[in-house]
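Trainee: Taken in sequence, the protein lines are chains Z and C. Position 540 of the first sequence, counting from 1, maps to 539 under numbering that gives the first Met the number 0, and the rest follow consecutively. Position 65 of the second sequence, counting from 1, maps to 64 under numbering that gives the first Met the number 0, and the rest follow consecutively.
It is worth saying that the hints were derived from the structure and are not from the lab. Even glycine gets a Cβ: it sits at the ideal position worked out from N, Cα and C. Heads up, some of the hints might be wrong.
[Unchecked claim] What follows is a set of in silico ranges between Cβ atoms, one per label pair, in the way DEER data are often shown:
1) Z/R694 - C/G133: 50 to 58 Å
2) C/A27 - Z/D193: 51 to 59 Å
3) Z/E697 - C/T26: 35 to 43 Å
4) Z/E257 - C/G133: 43 to 51 Å
5) Z/E257 - C/P39: 42 to 50 Å
6) Z/E141 - C/R58: 31 to 39 Å
[To be verified] Anything over 10 Å on all C-beta distances counts as not near chain Z; from chain C, calculated:
7) K1
8) N11
9) S24
10) L38
11) R58
12) R73
13) R75
14) V80
15) V111
16) R113
17) H143
18) A204
[Claimed, not checked] List of simulated lysine to any residue pairs, SDA-like, C-alpha gap at most 25 Å:
19) C/K22 - Z/R144
20) Z/K561 - C/K22
21) C/K22 - Z/P557
22) C/K22 - Z/A328
23) Z/K194 - Z/A328
24) Z/K296 - Z/M356
25) C/K109 - Z/R144
Chain by chain, the residues run as shown.
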Amino acid sequence: MTSYQNNIAITPQLVADHGLKPDEFDKIVALIGRQPTYTELGIFSAMWNEHCSYKSSKKWLKTLPTSGPRVIQGPGENAGVVDIGDGQAVVFKMESHNHPSYIEPYQGAATGVGGILRDVFTMGARPVAAMNALRFGSPDHEKTRHLVSGVVAGVGGYGNAFGVPTVGGEVEFDERYNGNILVNAFAAGLADTDKIFYSEAKGVGLPVVYLGAKTGRDGVGGATMASAEFGDDIEEKRPTVQVGDPFTEKRLLEACLELMQTGAVIAIQDMGAAGLTCSAVEMGAKGDLGIELDLDKVPVREVQMTPYEMMLSESQERMLMVLHPEKEAVARAVFEKWELDFATVGKTTDDLRFRVMWQGAEVANLPIKELGDEAPEYDRPWTEPKTPAPLASGDVPQMGVADALLKLMGSHQIASRRWVYEQYDTLIQGNSLQRPGGDAGVIRVEGHTSKALAFSSDVTPRYCEADPYEGGKQAVAECWRNLTATGAEPLAATDNLNFGNPERPEIMGQLVHAIKGIGEACTALDFPIVSGNVSLYNETNGRGILPTPTIGGVGLLPDWNKMARIGFAGADQVILLVGAPASRGTHLGQSVYLRDLFGRKDGPAPHVDLAHEKRTGDFVRNLIRSGVATACHDLSDGGLAVGLAEMAVASGIGATITDLEDQNPILQYFGEDQGRYLVTVDLDPQGEALAALWRDAEAAGVFAPWIGTTGGPDLVLGAARPVPVAALKAAHEGWFPSYMDGVAA
Amino acid sequence: MKSAVIVFPGLNRDRDMIAALTKVSGTAPTTVWHQDADLPDDVDLIVIPGGFSYGDYLRCGAIAARSPIMDKVRERAARGVKVLGVCNGFQILIEAGLLPGALMRNMSLKFVCREVKLEVVNADTAFTRGYSQGQVFRCPVAHHDGNYFADAETIARLEGNGQVAFRYAEGTNPNGSINDIAGIFNEQKNVLGLMPHPENLIEAAHGGDDGRALFSGLLGQAA
């Protein structure tokens, strides 16, 4: 019985269950001139869902800057590729695994890490760094601890076993993620610029080879699930989550890199969302070729799998390649050595059809180009976001500066993430120069005497909620700033856009404006977007998440001996607040001071002046590279006070800051004005060297006032009560472990 | 001194270990794939690096320990060839019966990657001669199953025979190991297993070189 399930009646309900709208189904019928078979319906649903087709976001994504002198490959491949000189390239991307991680936190997060690593080594790059941007619900929500613990264990479980250092990331809590957490996984790898592998198939009649793990029923319909909102039936979706096997992935990495050395590979595509379907169609469509698959050849780990299941399985650790036929034996030997499956499952054809055979019958026969290119593209209606009114003048709720600082250092927003990152292997490969806890993670480039790469992942969702445009700009600027604060030249970025239901005009408005802000910032800062991912429908029971366009950036350090860290380097050093406005700090709207100490979420997001951002960052980078800066930290959440406290805690060295007269201390110390860095220099305050620095700053249009001096056991913020660094450290280190032990909330 | 690094599928600190041996001795070690028939004839040091051999499925090190190449390692060890197992390598040596005791899941039940302090308990061996007796040095750990345990009699024997190589010092025991044990020798002191990763702290880029003396002591003395 070869047609047992393929003759299943295609009812409107079945179409709806596949996440396809009636007009989308009509388009399918018009395209192929008949009713699709059951398997074909599955294939269309996989190719045309939001996750794979970007149908709501494509129009706007096209506006982003994606090229630059160093960009070798922009969006559209498995990952972006950027030249780092000496014939080497960094290959990187960030991708979400939000829905699966909420349903099954360990496996959801683990396979998110696995998927992004595969994207990187598919292109011929050995992964050298990973990051994870995690967003959870309110700390006091009943599911949060369970999700934090499962996601962190899953990220570690996969990345640690695979053997890539996790060098950075983000962890944030907000009630708006209560029913829909975010797990955004980033990976970067190194490759030789002349050995990058792409997904475009070339040549007719060549073998299409399946590699890696066997196909099971896990993840069937996963990409469709990821493109729907959650309701209360969420527990029923557990079977759509894939199961990760990092041991197989590690072997797949070694086998793929070994195989690529043999010259056998013409095209390669990993099987991610919608597995065999997406990978085969992508390879064929890119190369203007048809693909014929024989499902009887596909290695399976379960009996009686239907063609529908095989085409939609999201079993992990699988690859599809087009190989030079004369090298097939060499290729097979490599995979046998690593004890991985190797099966020729099809061939390229010249008829532009995607043909799927099973038990001698043709179960699908579709036009391959149209499957991807003709996916619906929507210009969804959107509304102008309403931005909050400015705070009334003089509306500065008061609290003692020392008390406020101690509270913030021990708050869920600012507290150390050590509990999280100590579960990640941060030093494997032996190249980690800066591990999590600083502004950016830094690894040295193996095989080069002095070159290093910096990585940072950033977004401030509360700013994006208040003002998606400024928030989008801020996410890019913050990332660029964190890279700069190590001394790195920011090269390029990947974006992971997490939003709610785009069919609601106000959500679409957030997306449109965030992308506009991101685009403007990337252009102004020469920081192109070279890869990315869009995750929409992040809603539960009609309530959307905070708009969260995560930016993952990569920077290049020519010489890591001249790299800055956040810890104060010694006592009696001059502290400069580079990029400060005349009154040091002014902006309290959407600050953590207001939100976490007064429960207020009002006021506008801080404005990002991109020209100011650029000249300030360039000035700071020069200070670091010339060896003048002894430490550097950019200011973000919690403003100047928290920035100083973090530098003190990282080093165990205190500091004394002089108040600016006639300026409210709360605005000075807790305002979240953008484009500011703390830089220390070991120069005589009265000496010529510092005077020269200030002359340079003035020439560059950068204000860099001397605000205080390092040293002593306390952090003394002007007239405020001195706070022992040990007390700041205790608050900073204390929150996470006690929260996870169930003490704090 | 000629060294060989054995690679099982799933190990992932093989490259770190090869880099450390190469940087300290100036010569790259021979890499032995687990399916190779034998070890090089003239090898003086066999190293099993860290990672997740066979995914740590079943039990850490259990599958690799039953690989045929481990018979060869046992033969060489019996002839006095030095054998070093780090992290998963330590787990494999225990599972292979080359070292006593067991490595249980960390007391926290979590993977832990951080820097600890190690005390050199016995500096009078080929492995530890680069350190002084009682010296305390920095070293990173990165493992999920490093909680060393053995029965009281075995512990007494290890302590009595100078078979404890390293102890976690200054309250830095990261996993709940009995007697703060971080690494042990066999009776003949030619086999060492330890959980921490000295290979990840051998140069300025690592933020220090406290781990280097293990390799320089080991590789220098028979070169």
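Trainee: Each hint: holds or not?
Mentor: Structure-based check of all given hints:
Between Z/R694 and C/G133, the C-beta spacing of about 55 Å keeps the proposed range 50 to 58 Å intact. A beta carbon spacing of about 25 Å between C/A27 and Z/D193 contradicts the range 51 to 59 Å that was offered as a hint. The hinted range of 35 to 43 Å is not satisfied by Z/E697 and C/T26, whose Cβ atoms lie roughly 56 Å apart. Separation of Z/E257 from C/G133 is about 46 Å and conforms to the stated range, judged on CB atoms against 43 to 51 Å.
At about 22 Å, the beta-carbon gap between Z/E257 and C/P39 misses the expected band of 42 to 50 Å. Separation of Z/E141 from C/R58 is about 35 Å and conforms to the stated range, judged on CB atoms against 31 to 39 Å. For C/K1, the non-interface assignment is confirmed: its Cβ lies about 23 Å from the closest Cβ of chain Z, beyond the 10 Å cut-off. Not every CB of chain Z lies more than 10 Å from the CB of C/N11, the least distance being 3 Å, so the non-interface label is violated.
At roughly 16 Å, the least C-beta separation between C/S24 and chain Z is larger than 10 Å, which holds for a residue marked as non-interface. The beta carbon of C/L38 is kept farther than 10 Å from every beta carbon of chain Z, the shortest such distance being approximately 19 Å. No Cβ of chain Z approaches the Cβ of C/R58 within 10 Å, the least distance being about 14 Å, so the stated non-interface status holds. No Cβ of chain Z comes within 10 Å of the Cβ of C/R73; the nearest lies about 24 Å off, and the non-interface call holds.
With a minimum CB-CB distance of about 24 Å to chain Z, C/R75 clears the 10 Å threshold, and the non-interface call stands. Every CB of chain Z is more than 10 Å from the CB of C/V80 (nearest about 26 Å), matching its label as outside the interface. Residue placement check: C/V111 does not keep its beta carbon more than 10 Å from all beta carbons of chain Z (closest about 6 Å). Distance to chain Z contradicts C/R113 as a non-interface residue, since its nearest Cβ pair spans about 5 Å, not more than 10 Å.
The Cβ of C/H143 does not lie farther than 10 Å from every Cβ of chain Z; its closest approach is about 8 Å, which violates its non-interface assignment. With a minimum CB-CB distance of about 6 Å to chain Z, C/A204 fails to clear the 10 Å threshold, and the non-interface call is violated. Proposed proximity of C/K22 and Z/R144 is contradicted: the alpha carbons are some 44 Å apart, above 25 Å. As the CA atoms of Z/K561 and C/K22 are separated by approximately 23 Å, the hinted pair is consistent with the 25 Å bound.
Proximity of C/K22 to Z/P557 is assessed by CA-CA distance (about 23 Å); at most 25 Å being required, the pair is judged to hold. Pair hint C/K22 plus Z/A328 does not hold up; C-alpha atoms about 37 Å apart against a cutoff of 25 Å. For the hint linking Z/K194 to Z/A328, the alpha-carbon distance of about 21 Å falls within 25 Å, and the restraint holds. A hinted pair counts as satisfied when its Cα atoms are at most 25 Å apart, and Z/K296 with Z/M356 qualifies at roughly 10 Å.
At roughly 15 Å between alpha-carbon atoms, C/K109 and Z/R144 fall within 25 Å of each other, so this suggested pair holds.
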